[in-house]
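With our numbering applied, the sequence shown corresponds to residues 6 to 552, in that order.
Don't take each hint at face value.
As the list claims (entries may be wrong) - Below, computed lysine-lysine pairings styled on BS3-like, alpha-carbon distance capped at 27 Å:
#1 Lys-488 <-> Lys-543
#2 Lys-472 <-> Lys-507
#3 Lys-246 <-> Lys-355
#4 Lys-174 <-> Lys-528
#5 Lys-132 <-> Lys-286
#6 Lys-362 <-> Lys-48
#7 Lys-382 <-> Lys-502
#8 Lys-488 <-> Lys-472
#9 Lys-439 <-> Lys-205
#10 Lys-50 <-> Lys-256
#11 Lys-355 <-> Lys-439
#12 Lys-256 <-> Lys-286
#13 Lys-526 <-> Lys-174
#14 Lys-340 <-> Lys-439
#15 Lys-382 <-> Lys-245
#16 Lys-48 <-> Lys-256
#17 Lys-362 <-> Lys-507
#18 Lys-429 <-> Lys-338
#19 Lys-385 <-> Lys-340
#20 Lys-385 <-> Lys-426
#21 Lys-205 <-> Lys-256
#22 Lys-526 <-> Lys-543
#23 Lys-174 <-> Lys-48
#24 Lys-200 <-> Lys-246
#25 Lys-526 <-> Lys-355
#26 Lys-429 <-> Lys-200
#27 Lys-455 <-> Lys-399
#28 Lys-504 <-> Lys-455
#29 Lys-129 <-> Lys-205
#30 Lys-504 <-> Lys-286
#31 Lys-205 <-> Lys-338
#32 Lys-382 <-> Lys-338
#33 Lys-129 <-> Lys-502
#34 Lys-528 <-> Lys-455
Quick caveat, the hints were computed from the structure, so don't treat them as lab data. No experiment lies behind these values; they were computed from the predicted model shown.
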Amino acid sequence: MSVQGNVIRPTANFPPSVWGDQFLTYDEQEDQAGLEKVVEDLKDKLRQEILGNLDVPAQHTNLLRLIDSIQRLGIAYYFEEEVDRTLHHFYDAYGDNNWTGGATSVWFRVMRQQGFFVSSEVFKSYKDKNGAFKEPLENDIAGLLELYEATYLRVPGEVILDDALAFTKARLDDISNDPLWRNSIIHTQIIEALKQPMHKRVPRLEALRYIAFYQQQASCNESLLKLAKLGFNLLQSLHKKELSQVYNWWKGFDVPTNLAYARNRSVESYFWSLSVFFEPKYSQSRMFLAKVIAMETILDDTYDAYGTYEELEIFTAAIHRWSVTCLDALPEKYKLVYRMLLSSYEDMEKILTKMGKAHHLNYIREAMMEYIESYLKEAKWANEEYIPTVEEHKEVTILSSGYKYALVASFAAMGDEITDKTFKWALTMPPVAKACCMLCRIMDDIVTHKEEQERMHVASVIQCYMKEFDVTEQHVYNVFNTKVEDAWVEMNEESLKCKDVKWPVIMRVINLARAMDVLYKNKDHYTHVGPELINHIKSLVVDPIMA
């Protein structure tokens, strides 16, 4: 807390940026055209391999594994049509429960993660007549891992997959502690899977991890591996260019000097956006979302760690009016935040105007205003030292949260799959979006609430829950961690059932949750940027893969 003039402010003293100005300039890669020619040749070769085996049932297990590898290597965007055609062919041929090939767990996972609601009944054969998992499975480590990964695509009520998760997790844990397997590739794979299952991984980070694993496999397809490495580096060049543009936009406002109370996190905001979508066709959407997240951070800190309630009322009213004419009525620091907010929308407005979709920004601003109003409500609670009920907290911090705003903003300029209906769907908080925002808010609260309480901050949902139900902090953590897992399972079901929007829209929801599993797992990595997040960012936008 600090006193400025006669005003008492809740100061936070956030750590500075760790990046300096290393992303200010971008060096264009040489010989891009030459690399792109090699990539096209490799793509043609692999397309023939996929389509050539489509009508050969004896090759369907190999084809399934090829599709799985393409997705895990992060190059499915090269083969969208072929992957879609293959999985529809599988569904037409085998239905939701009659897969006759091998690798049943892989079939189940790949089909579900692409939106096909195949049945978990297919796993009945894994159990004996007494309901226990059959003995051969206990010692089939690859099979255990595949089943373990498949269980994370379960929906509520799938008891066989709940049982399979408990069984595989316990068995893999035993194997990970067995000295016999120490220092082996499989041991590393098990440790990584237990730490973070595949379904929760950020796709671009998974691509990097899987490339390193895949090249050590005897079954490695050399053409596929070469394409994955070249594709990663080519796309990384685009990501570097985008980050440089976002960073230059941010640099122009000199946040560390002019808004010293706020977190300077433009690089981390870009990483967050990159976690939501990495594909080249979403370049403009990705840069806009990075700006939105960076601005959310500034707004978060302005409402939480700087502004008085009276100032914030004036500022919120100005945002409602959304006009440069409001600047004169604002205190000095708020003028800059307001200019930044208007600026963050300018490029996207030009892009959407060219697309004939300028009105889409109205939906995004509607989500932003909900979010701003929720912050003003929290500021009012803090000002009055009011401890809300858990239900009141949920209504304000989840249903109108910054996560909902980020989700709605991510749809800007995504392409023809986005219509007015998409935005209207998102703004009503359908079950899949609600589960995602619930997960995001809870993970955020678990790791940030103690630090926030050290300043004049509204009671966190953790404190509200402790007070309302008279339980310990640890009990609340246990309850909330269970809620996070339940939210994942609910997201699985709702994403498979939802027919209101196209699959790329659903993937934004799932990827937003995946980003949280990196940024807010066990620690607030976004605020307190440490070696783990630094390594992730360097691996995605600094260091190319050695081919």
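Each hint, compared with the structure:
Between Lys-488 and Lys-543, the direct Cα distance comes to roughly 32 Å. Violation of the 27 Å bound is thereby established for this hinted pair. With a C-alpha separation of about 42 Å, the suggested pairing of Lys-472 with Lys-507 is violated against the 27 Å cut-off. For a cut-off of 27 Å, the pair hint linking Lys-246 to Lys-355 stands: about 20 Å separates their Cα positions. Distance check on the hinted pair: Lys-174 and Lys-528 sit about 24 Å apart at the alpha-carbon level, within 27 Å; holds.
Distance check on the hinted pair: Lys-132 and Lys-286 sit about 45 Å apart at the alpha-carbon level, beyond 27 Å; violated. Note on Lys-362 and Lys-48: the hinted pairing is violated, with a Cα-Cα distance of about 33 Å set against a maximum of 27 Å. A hinted pair counts as satisfied when its Cα atoms are at most 27 Å apart, and Lys-382 with Lys-502 does not qualify at roughly 34 Å. Taken as a hint, the Lys-488 and Lys-472 pair is honoured in the structure, with Cα atoms around 19 Å apart against an allowance of 27 Å.
With a C-alpha separation of about 17 Å, the suggested pairing of Lys-439 with Lys-205 holds against the 27 Å cut-off. Straight-line distance between C-alpha atoms of Lys-50 and Lys-256 comes to about 44 Å, which puts the hinted pair past the 27 Å bound. The hinted pair formed by Lys-355 and Lys-439 fails the criterion: a straight-line CA distance of about 31 Å is larger than 27 Å. For the hint linking Lys-256 to Lys-286, the alpha-carbon distance of about 26 Å falls within 27 Å, and the restraint holds.
This hinted pair checks out: Lys-526 and Lys-174 have alpha carbons roughly 19 Å apart, not beyond 27 Å. Straight-line distance between C-alpha atoms of Lys-340 and Lys-439 comes to about 33 Å, which puts the hinted pair past the 27 Å bound. About 38 Å separates the Cα atoms of Lys-382 and Lys-245, which puts this hinted pair outside 27 Å; it is violated. Pair hint Lys-48 plus Lys-256 does not hold up; C-alpha atoms about 39 Å apart against a cutoff of 27 Å.
Restraint check for Lys-362 and Lys-507: satisfied, since their Cα atoms lie roughly 18 Å apart, inside the 27 Å limit. For a cut-off of 27 Å, the pair hint linking Lys-429 to Lys-338 is broken: about 34 Å separates their Cα positions. Between Lys-385 and Lys-340, the direct Cα distance comes to roughly 22 Å. Compliance with the 27 Å bound is thereby established for this hinted pair. The hinted pair formed by Lys-385 and Lys-426 fails the criterion: a straight-line CA distance of about 34 Å is larger than 27 Å.
A distance of roughly 33 Å separates the Cα atoms of Lys-205 and Lys-256; the hinted pair therefore is violated under the 27 Å criterion. Distance hint between Lys-526 and Lys-543 is fulfilled; the C-alpha atoms sit about 19 Å from each other, no more than 27 Å. At roughly 37 Å between alpha-carbon atoms, Lys-174 and Lys-48 are farther apart than 27 Å, so this suggested pair is violated. With a C-alpha separation of about 32 Å, the suggested pairing of Lys-200 with Lys-246 is violated against the 27 Å cut-off.
The hinted pair formed by Lys-526 and Lys-355 fails the criterion: a straight-line CA distance of about 37 Å is larger than 27 Å. Between Lys-429 and Lys-200 the CA atoms are separated by roughly 37 Å; this puts the pair beyond 27 Å, and the hint is violated. Straight-line distance between C-alpha atoms of Lys-455 and Lys-399 comes to about 18 Å, which keeps the hinted pair within the 27 Å bound. At most 27 Å may separate the alpha-carbon atoms for a hinted pair to count; Lys-504 and Lys-455 exceed this at roughly 40 Å.
Distance hint between Lys-129 and Lys-205 is fulfilled; the C-alpha atoms sit about 25 Å from each other, no more than 27 Å. Between Lys-504 and Lys-286, the direct Cα distance comes to roughly 23 Å. Compliance with the 27 Å bound is thereby established for this hinted pair. This hinted pair does not check out: Lys-205 and Lys-338 have alpha carbons roughly 39 Å apart, beyond 27 Å. A hinted pair counts as satisfied when its Cα atoms are at most 27 Å apart, and Lys-382 with Lys-338 qualifies at roughly 21 Å.
A C-alpha spacing of about 23 Å is found between Lys-129 and Lys-502, which places the hinted pair at or below 27 Å, so the restraint holds. Distance check on the hinted pair: Lys-528 and Lys-455 sit about 11 Å apart at the alpha-carbon level, within 27 Å; holds.
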